[in-house]
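The sequence shown begins at 1 in the numbering used here and counts up by one.
Simulated from the structure, these hints should not be mistaken for laboratory data. Do not rely on the hints blindly, as some may be mistaken.
[Said to hold, decoys possible] BS3-like cross-link-like pairs, simulated, lysine-lysine; straight-line CA separation at most 30 Å: (1) K439 / K335; (2) K28 / K93; (3) K447 / K467; (4) K439 / K467; (5) K467 / K93; (6) K345 / K223; (7) K303 / K213; (8) K439 / K423; (9) K147 / K29; (10) K42 / K93; (11) K113 / K303; (12) K406 / K345.
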Amino acid sequence: MLQKSDSQIYIIGAGFAGQMIAQDLRRKKVFGTVAAFLDDDKSLIGQQIDGSPVLGPISDVAKLLRSGPLDEAIIAIPSAPTEKIREIYETLKKSGFSHIRILPSVSQIIDGKAHLVQTREIDPLDILGRTPVIIPLHESLQYLRGKRVLITGAGGSIGSELARQLLSGGAERLYLFGHGENSIVRIYRELHVLQQEGVGEAASVVPIIGDMKDKEYVDYIIKKTHADVIFHCAAYKHVPMMEENPVAVIENNVFGTKNLLEAALKNGVQRFVLISTDKAVSPVSVYGASKMLCEKLILQYAKKAAPNQNFMFVRFGNVLGSRGSILPLFQQQIKTGGPVTVTDKEMERFFMTIPEACSLVLETGGVGENGRSYLLDMGEPLKIIDLAEQIIKFSGLEPNKDIEIKIIGAREGERIYEPLWLKEENPQKTEYEKLLVLKNIEFGDEKLDCLLTELEPICKFMGDEEKFRNKEKLLSTLRKNISSLDEYYKVTKKDESMNL
């Protein structure tokens with residue numbers, strides 16, 4: 001939260017974004033006074049902008065400032081690379097600033113405008129990893145102009161960020177579909193605040209509470225909303241928990257996706273984009289198996305699509321900061337004094353920020369073709385233990401001195417290295433940066449149909465009490481059809497006695 005009117009606010013960056021933030025602050029008044037701009041641009045240093053001086057260079061001037069307990073710094077350089085943001089952050093911290101906010105790069109990506117409401121407390125996402133690719137969404141979202149767009153799982157990390165960025169797509173209506181009312185209420189209210197503050201274009205935002213496992217309801221909603229485009233983000237996705245609840249994950253992820261695809265096909269949805277995951281590649285967890293089957297369903301239904309329909313999936317690895325991911329877990333562990341838990345010293349993952357992943361997903365939705373498999377270029381993988389050390393240092397502490405890093409061993413369904421593609425998929429570059437296309441690997445429509453026929457009476461009550469919710473039967477059926485899962489279960493000697 002911004003401090004109240006006694007604050008002296010220093011805006012880092014005197015360009016268009018910094019000036020727009022300053023105008024917002026002067027108009028609102030309640031949040032404090034713009035004390036100065038800090039910038040490295042020699043042509044701006046020494047000037048006055050609306051009565052506020054431009055001081056610089058940043059590294060030299062910041063150390064001369066005497067930051068009070070209420071004073072704030074706002075980093076408003078949305079085009080700055082991650083390395084520059086990290087440098088500025090460290091300079092401000094050393095200069096005594098305890099309140100540092102940032103204008104994320106997405107504010108520039110969307111429409112070239114910046115608003116105070118878009119600033120937030122800086123966090124490790126802003127200084128970790130590589131510099132996100134900048135995508136001019138205002139141009140790439142032209143395919144959504146005047147359309148009705150439905151996001152499943154709209155209250156989740158990916159779904160809610162898609163919704164924020166879609167505000168500037170010119171969509172006629174934006175449907176927020178989700179099972180949890182609290183998360184849907186949260187993003188619904190946030191979007192309205194953003195619109196009131198001038199972010200994006202006028203679009204009707206409609207919250208829809210529902211369960212994609214309900215086939216009749218899903219068909220009714222798709223028909224009633226006349227949805228043109230669906231971004232399918234909803235899924236149960238926490239690997240260890242889903243290992244304990246395998247029937248639930250197949251019921252929700254696989255049959256829920258099938259319900260959506262049938263409704264989309266029947267009701268003329270023009271574009272259907274499934275959000276997939278690296279865990280779908282040679283899956284070793286029930287969650288991974290569920291997402292692999294979702295990918296195969298996309299390819300199957302694409303064959304049934306009308307000429308104006310395009311069904312596709314976009315696969316990527318971990319996103320930094322998603323709910324339930326390691327970043328918020330590490331931050332919580334640090335708040336309670338540690339230890340920070342890492343499963344294995346060698347464990348590594350591919351990471352991308354949520355805004356960057358969503359920008360690429362939205363771009364793919366426009367340029368993607370029916371029946372194609374897409375992959376986001378995630379760069380180089382990061383070791384989880386290195387990430388833990390960086391987050392501890394971000395918090396102003398020393399790893400294994402102030403906060404212990406404890407190795408606890410891999411959890412069920414986890415592997416040390418998570419591949420992004422099969423060798424046979426042979427990813428190829430497209431004309432769009434960071435977007436790759438994969439060769440489709442067929443599962444076989446008949447094999448897929450037979451597998452779903454076997455799984456359905458386990459997930460839904462169809463009169464057979466012996467099969468219904470039978471975890472052992474579900475796992476044996478999956479293992480019989482997915483070799484990587486079978487090999488993993490043999491090695492780990494999992495207990496299959498519980499029925500959930």
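Hints, one by one, checked against the model:
Among the hinted pairs, K439 with K335 is inconsistent with the structure: their alpha-carbon atoms are about 45 Å apart, more than 30 Å. Annotation: proposed proximity of K28 to K93 holds, straight-line Cα distance about 27 Å (limit 30 Å). The suggested pairing of K447 with K467 holds, with an alpha-carbon distance near 20 Å, which does not exceed 30 Å. Restraint check for K439 and K467: the C-alpha separation of about 36 Å exceeds 30 Å, so the hint is violated.
Annotation: proposed proximity of K467 to K93 is violated, straight-line Cα distance about 60 Å (limit 30 Å). As the CA atoms of K345 and K223 are separated by approximately 50 Å, the hinted pair breaks the 30 Å bound. At most 30 Å may separate the alpha-carbon atoms for a hinted pair to count; K303 and K213 meet this at roughly 23 Å. The hinted pair formed by K439 and K423 meets the criterion: a straight-line CA distance of about 10 Å does not exceed 30 Å.
Between K147 and K29, the direct Cα distance comes to roughly 38 Å. Violation of the 30 Å bound is thereby established for this hinted pair. Distance check on the hinted pair: K42 and K93 sit about 24 Å apart at the alpha-carbon level, within 30 Å; holds. Using a Cα cut-off of 30 Å, the hinted pair K113 and K303 is violated, with the two alpha carbons roughly 41 Å apart. Among the hinted pairs, K406 with K345 is consistent with the structure: their alpha-carbon atoms are about 10 Å apart, no more than 30 Å.
Violated hints, listed in ascending order, are 1, 4, 5, 6, 9, 11; each of the other numbered hints is respected by the structure.
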